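Participant: Residue numbers (the working numbering), protein chains in the order written: chain A, 1 to 218; chain B, 219 to 857; chain C, 858 to 1105.
What the hints contain is simulated information worked out from the structure, not anything from laboratory work. Warning: the hint list may mix true and false statements.
[Unchecked claim] Okay, derived cross-link-like pairs now, DSS-like style, lysine-lysine, Cα gap no bigger than 30 Å in a straight line: (1) B:306 to B:321; (2) B:723 to C:863; (3) B:716 to C:904; (4) C:904 to B:761; (5) B:399 to C:1057; (6) B:758 to C:868; (7) B:399 to C:1101; (8) A:98 to A:186; (9) C:1065 to B:400; (10) A:192 to C:863; (11) C:868 to B:403; (12) B:399 to C:1105; (13) A:82 to C:863; (14) B:592 to B:399; (15) B:727 to C:904; (16) A:82 to C:1065; (17) B:588 to A:186; (18) C:863 to B:764; (19) C:868 to B:761; (20) A:98 to C:904; (21) A:82 to C:1027; (22) A:80 to C:904; (23) C:904 to B:764; (24) B:716 to C:868; (25) C:1105 to A:98.
[Stated by the list, open to error] Distance ranges between label pairs, derived from CB positions: (26) B:843 to C:905: 39 to 47 Å; (27) A:201 to B:591: 39 to 47 Å; (28) B:693 to A:91: 54 to 62 Å.
Note that the structure is predicted; figures quoted are calculated from it, not measured. Note that the Cβ used here is the ideal one computed from N, Cα and C, for glycine as well.
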Amino acid sequence: MLTTLSRKIIMALTGLFLCLFLVIHLLGNLQLFLPTEEARLQFNWYSHLLSGNILIKIISYVLYLSILLHVIDSVIITLKNKRPAPRYQYDQRGRASKWYSRNMGILGTIILIFLVIHFKDFWYSYKFGNMPVDSKGQKDLYQIVVTAFQEWWYVVLYVIAMIALCYHLIHGITSAFRTLGLYHPKYVRWIKYFGLAFSVIICAAFALIPIYIFFTMK
Amino acid sequence: MMKLNANIPDGPLEQKWENYKKKAKLVNPANRKKLDIIVVGTGLAGSSIAASLGEMGYNIKSFCFQDSARRAHSVAAQGGVNAAKNYKNDGDSVYRMFVDTLKGGDFRAREANVYRMAECSLNLIDQAVAQGVPFGREYGGYLNNRSFGGVQVSRTFYSRGQTGQQLLLGAYQALMRQVEKKSVKLFTRHEMLDLVVIDGKARGIIARNLDTGQLERHAAHAVILATGGYGKIYYLSTLAMGCNGSAIWRAHKKGAFMASPSWIQVHPTSLPQSGDYQSKLTLMSESLRNDGRIWVPKNKDDNREANQIPDGERDYYLERRYPAFGNLAPRDISSRAAKERIDAGYGIGPLKNAVYLDFSKAIKEQGKEKIKEKYGNLFDMYLKITGYNAYEVPMMISPSAHFSMGGLWVDYGLMTTIPGLFALGEANFADHGANRLGANSLLQASVDGYFIAPYTIANYLADEIHTGKIDSEQEAFKIAENEVNTKLNQLTDIDGNKTVDYFHKTLGKILYDYCGLSRNREGLEKAINDIRALRADFYKNVKIPKDMATVNIELEKAGRVADYLEIGELMCYDALTRNESCGAHFREEYQTADGEALRNDAEYQFISAWQWNGSPDSPILHKEELHFEFIKPIVRSYK
Amino acid sequence: MKLTLKIWRQKNQTDTGSLQEYKLDQLNPHMSFLEMLDTLNEQLIIKGDDPVAFDHDCREGICGQCGVMINGMAHGPLPHTTTCQLHMRSFNDGDTIYIEPFRSEIFPIRKDLSIDRSAFDRIIASGGYISTNTGQAPDALAIPIAHEVVEAAFDSAACIGCGACVATCKNGSAALFTSAKISHLVLLPQGKEERAARIKNMVQTMDKEGFGHCTNTEACQVECPQNISVLNIARMNYEFIRAKALEK
Chain A
1 MLTTLSRKII MALTGLFLCL FLVIHLLGNL QLFLPTEEAR LQFNWYSHLL SGNILIKIIS
61 YVLYLSILLH VIDSVIITLK NKRPAPRYQY DQRGRASKWY SRNMGILGTI ILIFLVIHFK
121 DFWYSYKFGN MPVDSKGQKD LYQIVVTAFQ EWWYVVLYVI AMIALCYHLI HGITSAFRTL
181 GLYHPKYVRW IKYFGLAFSV IICAAFALIP IYIFFTMK
Chain B
219 MMKLNANIPD GPLEQKWENY KKKAKLVNPA NRKKLDIIVV GTGLAGSSIA ASLGEMGYNI
279 KSFCFQDSAR RAHSVAAQGG VNAAKNYKND GDSVYRMFVD TLKGGDFRAR EANVYRMAEC
339 SLNLIDQAVA QGVPFGREYG GYLNNRSFGG VQVSRTFYSR GQTGQQLLLG AYQALMRQVE
399 KKSVKLFTRH EMLDLVVIDG KARGIIARNL DTGQLERHAA HAVILATGGY GKIYYLSTLA
459 MGCNGSAIWR AHKKGAFMAS PSWIQVHPTS LPQSGDYQSK LTLMSESLRN DGRIWVPKNK
519 DDNREANQIP DGERDYYLER RYPAFGNLAP RDISSRAAKE RIDAGYGIGP LKNAVYLDFS
579 KAIKEQGKEK IKEKYGNLFD MYLKITGYNA YEVPMMISPS AHFSMGGLWV DYGLMTTIPG
639 LFALGEANFA DHGANRLGAN SLLQASVDGY FIAPYTIANY LADEIHTGKI DSEQEAFKIA
699 ENEVNTKLNQ LTDIDGNKTV DYFHKTLGKI LYDYCGLSRN REGLEKAIND IRALRADFYK
759 NVKIPKDMAT VNIELEKAGR VADYLEIGEL MCYDALTRNE SCGAHFREEY QTADGEALRN
819 DAEYQFISAW QWNGSPDSPI LHKEELHFEF IKPIVRSYK
Chain C
858 MKLTLKIWRQ KNQTDTGSLQ EYKLDQLNPH MSFLEMLDTL NEQLIIKGDD PVAFDHDCRE
918 GICGQCGVMI NGMAHGPLPH TTTCQLHMRS FNDGDTIYIE PFRSEIFPIR KDLSIDRSAF
978 DRIIASGGYI STNTGQAPDA LAIPIAHEVV EAAFDSAACI GCGACVATCK NGSAALFTSA
1038 KISHLVLLPQ GKEERAARIK NMVQTMDKEG FGHCTNTEAC QVECPQNISV LNIARMNYEF
1098 IRAKALEK
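Please construct the entire structure, taking both the sequences and the accompanying hints into account.
Facilitator: Written out as structure tokens, the structure reads:
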């Protein structure tokens, strides 16, 4: 039987691993800022690299597992918190904490919905769909991405999801380090700044890509 | 007349306690689990004795009326706890602490008891540190001390302004550890309503479950009362709302003598009453007097703001009357001096019931930062409660009832006049004489519980190992339970038109006026009549909700106030029969030409021990003569 | 001043309870919040109604017995202030004030605003102490403890056990309470000996009582009368991981 603390530790570890993945993902996406043809070859090469390497494969399974665990664990925690959670007729407890800290579940759900769409459109197409090929014979994911980002609603969805992710991370990163036992005030402060910077930079960069493509590729 | 025997061991002062321990009877570990002990109260004395006896292997039942053992009023003590460790190398010793305490109490305590308390103070600090009490320390890691009123050394150990809380948590945690080990069974939300005496020995209690209203019988081989003081009898006091004298009073009515009940310490630095809705007077630590100057305007009805009154028109009356000690005169003296000015019409504040405690000079000399560092939390508290910023305007303070030096009479072994009934901590009349020194109350409660009672109770119980289980189905338990039940029904049946608080407040006012900081014959006689009339009114007109089966707070309070209405009368008799002034007891008829207390050692060098004689108006006085073999009583002077 | 009060009334633990409205006037703004309730009760008693039961004792902010939700905030609007230290000048004439008990399934309501927090006692009983019997202590100076260490231990030990942290937590977590005791004891050299057993037992008891998970919203520290730091919770996590990692 897991304790309340160990369940949170699982959330923290899986969450932090997913943060690491965000960096790898972003590194790939940044290649989309290159001039069109260069970007196409480079991006498709990187995508191929990520799908072929055995090491990357293992990591990707850990990734899937992490997403799954993170989601399932959060559902369990949320359900278990229902019983002890105080309920008031008149409630102003919100003044004592940040809205995004209180609503990690909702933010997470938005991210999860986004992930499902995201996986279906890119990951599933890439793995199992009928893909065009580029000049080097690589699967042309670039084309799929650029086509998708021509749709305004898709860009909006993407940006909303990144805002949700950003707030999810602002709370999540500091919270995860605390859950893993970082108690020294100095490092707690550092992590807080680091978490904030990380969240904003990563999410802004992710969000800029569809906007950039939408406005430059028309 | 019954001769009171304090059972003080033979030998020189410094060997008495050793001699006692050498000769005390013991109970072997196998026999301890055959013995049941009831401890009422979970403050510092109650928790520490329950935990200590539990550790030794006795079966303990521990009772408190609060919802957790951690809430007892020991928690509120701020300043510190004294111990003669002499870590400061400033000439402290057990002997010096003994002298200070005895002198502070105006030579109205037993030498042997006081010496033992000073002696045991050494172990207490060790014990508390081992439990994890975070006493203030210096940068090198060694324990720090501060000084308190009435002494010339630094012997007060402290945990910021929450020493009582930290010591209590240490004892509470030790208690909870025994609860987990099942050697102590804890009954929270239970109030003791009667003592059961069988064949002259304390054999159990009747307790009421405050949640269900059920009366319960609990039997034991010994009963320990650690139920604190009854200063709340004044209604407005520094005590918690629930503090009461009911446990000791009900034991008194079963035969335990009450000693010197009129010795109540009035603390000089509490916040003044601001209206008749007020329920308590918050204490501001005595340490403030280190830097604060106390004054009132020289002119009556000076309605200017404090800061508008020039220095020449201020009367720094403590500095004027007691130039040697000034603002650091002992508590009884400072309180009395404040009352004198207020009564003379010089009081300040909306109700003209306070004096100023002014930090402007200290702030000017030392800087605001320094003052903030020393007293920041107190200034914050003052702001929270009054809404005034004491860095800019002087604090308004006034005297408030605080600590009862009186209590159940106990012998050297802390046993009352009922065999098997022990009283610990503030509940007994203890070691403070007629006035308690600051930071000695935590000490006394702790040493009683940790280091004294474990020996003296074993000494008593050694003769009980063959008694066998005490049966709570015995007739005496039934009778006691019926009496309690009748009394409760009597109270709810009155169904009058005045609340319990009305009676409590009225009683408090009578006592403040006539049996407070200063007393005189005429006033005390009037008070006795007023209290009798008030008591009659109470039993005719009090209104209490009838519900007996759920939480009924009014009923709880009514029982306590009913007892206060009797204790108050005894206090007046006690004050009336003591024709001298000593410590907290100041009889206006017995003062020097310049208004100082006039003690009368020739006739009043004794402890008054009162025996219940069937009704509140006919108590019988017994005297325990005090003998001073090792120190000669002198006149206390702080001029 | 005049007030409209909406107070949670509940006869006993099993009763469903509801908010009842009361009107009070001629209140003095210098009254404490609890004295305002005293005034209401005086009126109710004389009318023959049942007075409102609420927890309180020392009325100077240290016993930890008082505590209600005032307008949906634990201990009311002032930060780091117990209910008993709150005064009516923090409200305006004509205000409507909602008063509810600290709620949690783990803190059953005894009556009206009075609650049962004995779960906290059970957490302490399961390990919130240093196992030393009376009489075993070495000299107090045998182990020096640095000034900063003892001050940090004090900061954690200052908890008054009022339950505002649980009442205000969206998850009903007792992490702040439990971790404050764990930190207090583990910071001191005397308390390090049994650190592993302590953390495991106390966390187990906390869970057994049914308290929720801490999700680090930090609301507890904001409402805590003693301003107990949420970093205590991080330290508790550290102690827990440490104990698990070093487990045999």
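Participant: Take the hints in turn and mark each one as holding or not.
Facilitator: Comparing the hints with the structure gives:
Restraint check: the Cα-Cα separation between residue 306 of chain B and residue 321 of chain B comes to about 22 Å, which is no more than 30 Å; the hinted pair holds. For the proposed pair residue 723 of chain B and residue 863 of chain C, the alpha carbon gap of about 28 Å is at most 30 Å, so the pair holds. Pair hint residue 716 of chain B plus residue 904 of chain C holds up; C-alpha atoms about 10 Å apart against a cutoff of 30 Å. Of the supplied pair hints, the one linking residue 904 of chain C and residue 761 of chain B holds, its CA atoms being roughly 10 Å apart against a limit of 30 Å.
For the suggested pair residue 399 of chain B and residue 1057 of chain C, the alpha carbons sit about 17 Å apart, so the restraint of at most 30 Å is met. For a cut-off of 30 Å, the pair hint linking residue 758 of chain B to residue 868 of chain C stands: about 28 Å separates their Cα positions. For the proposed pair residue 399 of chain B and residue 1101 of chain C, the alpha carbon gap of about 25 Å is at most 30 Å, so the pair holds. For a cut-off of 30 Å, the pair hint linking residue 98 of chain A to residue 186 of chain A stands: about 22 Å separates their Cα positions.
In summary, the hint linking residue 1065 of chain C to residue 400 of chain B is supported, as the alpha carbons are separated by about 19 Å, within the 30 Å threshold. Straight-line distance between C-alpha atoms of residue 192 of chain A and residue 863 of chain C comes to about 41 Å, which puts the hinted pair past the 30 Å bound. Between residue 868 of chain C and residue 403 of chain B the CA atoms are separated by roughly 28 Å; this keeps the pair inside 30 Å, and the hint holds. Between residue 399 of chain B and residue 1105 of chain C the CA atoms are separated by roughly 25 Å; this keeps the pair inside 30 Å, and the hint holds.
Between residue 82 of chain A and residue 863 of chain C the alpha-carbon distance is near 26 Å, which keeps this suggested pair within the 30 Å criterion. For the hint linking residue 592 of chain B to residue 399 of chain B, the alpha-carbon distance of about 42 Å lies beyond 30 Å, and the restraint is violated. A C-alpha spacing of about 25 Å is found between residue 727 of chain B and residue 904 of chain C, which places the hinted pair at or below 30 Å, so the restraint holds. Between residue 82 of chain A and residue 1065 of chain C the alpha-carbon distance is near 15 Å, which keeps this suggested pair within the 30 Å criterion.
Simply put, residue 588 of chain B and residue 186 of chain A have alpha-carbon atoms about 27 Å apart, close enough for the 30 Å limit, and the pair holds. Pair hint residue 863 of chain C plus residue 764 of chain B holds up; C-alpha atoms about 24 Å apart against a cutoff of 30 Å. Our distance criterion of 30 Å between C-alpha atoms is met by residue 868 of chain C and residue 761 of chain B, whose separation comes to about 20 Å. Of the pairs offered as hints, the one joining residue 98 of chain A and residue 904 of chain C is violated, with about 45 Å between alpha carbons and a cut-off of 30 Å exceeded.
For the hint linking residue 82 of chain A to residue 1027 of chain C, the alpha-carbon distance of about 9 Å falls within 30 Å, and the restraint holds. Proposed proximity of residue 80 of chain A and residue 904 of chain C is contradicted: the alpha carbons are some 45 Å apart, above 30 Å. Between residue 904 of chain C and residue 764 of chain B the CA atoms are separated by roughly 13 Å; this keeps the pair inside 30 Å, and the hint holds. In summary, the hint linking residue 716 of chain B to residue 868 of chain C is supported, as the alpha carbons are separated by about 23 Å, within the 30 Å threshold.
Simply put, residue 1105 of chain C and residue 98 of chain A have alpha-carbon atoms about 40 Å apart, too far for the 30 Å limit, and the pair is violated. Between residue 843 of chain B and residue 905 of chain C the C-beta distance comes to about 54 Å, which lies outside the given range of 39 to 47 Å. Evaluation of the 39 to 47 Å hint for residue 201 of chain A and residue 591 of chain B yields a pass: the beta carbon distance comes to about 42 Å. With their beta carbons about 56 Å apart, residue 693 of chain B and residue 91 of chain A fall inside the hinted range of 54 to 62 Å.
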